[in-house]
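*Asks:* The listed protein sequences correspond, in order, to chains A and B. Per this note's numbering, the very first residue in the first sequence carries number 94; after that it's consecutive. Per this note's numbering, the very first residue in the second sequence carries number 22; after that it's consecutive.
Please keep in mind that the hints were generated in silico from the structure rather than gathered at the bench. Just so you know, not all the hints are guaranteed correct.
Which residues of chain B face chain A? A partial, calculated answer using Cβ under 8 Å [what the hints assert, rightly or not]:
id, residue
1, 53
2, 93
3, 131
4, 135
5, 143
6, 150
Pairs of lysine-lysine residues, derived as DSS-like cross-links and limited to a Cα-Cα distance of at most 30 Å, are as follows [as the list claims (entries may be wrong)]:
id, chain 1, residue 1, chain 2, residue 2
7, A, 109, A, 149
8, B, 149, A, 109
9, B, 133, B, 112
10, B, 133, B, 94
11, B, 176, A, 129
12, A, 152, B, 191
13, B, 186, B, 176
14, B, 112, A, 108
15, A, 118, B, 142
Beta carbons are placed, not taken as given, at the ideal position from N, Cα and C, and that holds for glycine.
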Amino acid sequence: MAKNPQQRRSDPRRKKCPFCEGGAKYIDYKDYPTIKPYTDYFGSVRQRYYTGICLKHQKMLRTAIQRARFMGMLAYRK
Amino acid sequence: MISLQSTAATDTDLDDQETDVRLYECSVLYPFPLNQKEEKDIIDGVEEIFKEAGAREVAKDKWGRRGLAYPIKGHNEGAFIIYHLEIDPSKVKEINEALRISHGVLRHLMIKPPKGYQITKFSASYEKWLNERETVEEKRESEKEEELQRRVTEKARRQAKRVEKEQKDKPPVTKETTVEKDKLSEELEKLISDDELDL
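Could you build the full structure based on these sequences and the hints that come with them?
*Replies:* Quick look at the structure:
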């Protein structure tokens, strides 16, 4: 019997980079609403495995988050 | 030597049409709850620093009050100003140092925007997001409630079905039992009578 689709975990291979789909060339540290979901409860950067971001954009995101942290927009540590 | 000079010249040409001027982005953070005069003093001081270095202001984006993620020098709230400037790259160091020393500026960040960067103002989009976020949360809550209601109704339906099934199942069983009971009683009576006769 097939499992309930709500209970089934999504296939990590099927995830797509949300920035690639939008065609982002640069991730701005000032763009708080887009950056915020990629940090977890403790303020660290979410792993690529969970978000599905490509390596190129993950690196951009990392610098953006670091800059935002320095300017006090994001927390270093909860 | 000549070849080196020529390559350097072409490089600067590629970077910008005006020689030795480049676009920089500078964001300045200052504490929020301030008198108008103090605020003006800080902003004037910052702009004075830019003017001294011969910077040309391209765009200025003033963000209002923003909560800080962690306290900086005892302040829990701050205000940002984002400047886009055209500066001589050799003067950047001076500006950085001056901003670092200047009073009232909590943090500043000087950045070289990447190629093909379009200046966007995030102050408006942030407020829009703040407003939208509430609606999004409300939506999520309403969705949750709907889901709960759906589950409850489904459960109720299932229970009703089960009750119906039981009711359907029951009557034949009871009939059978009554029939069997009748038969049994008859046989028993017969047996009893026979037994009695035998005994």
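*Asks:* Of all the hints numbered above, which does this structure not satisfy? Sort the numbers upward.
*Replies:* 1, 3, 11, 12 and 14
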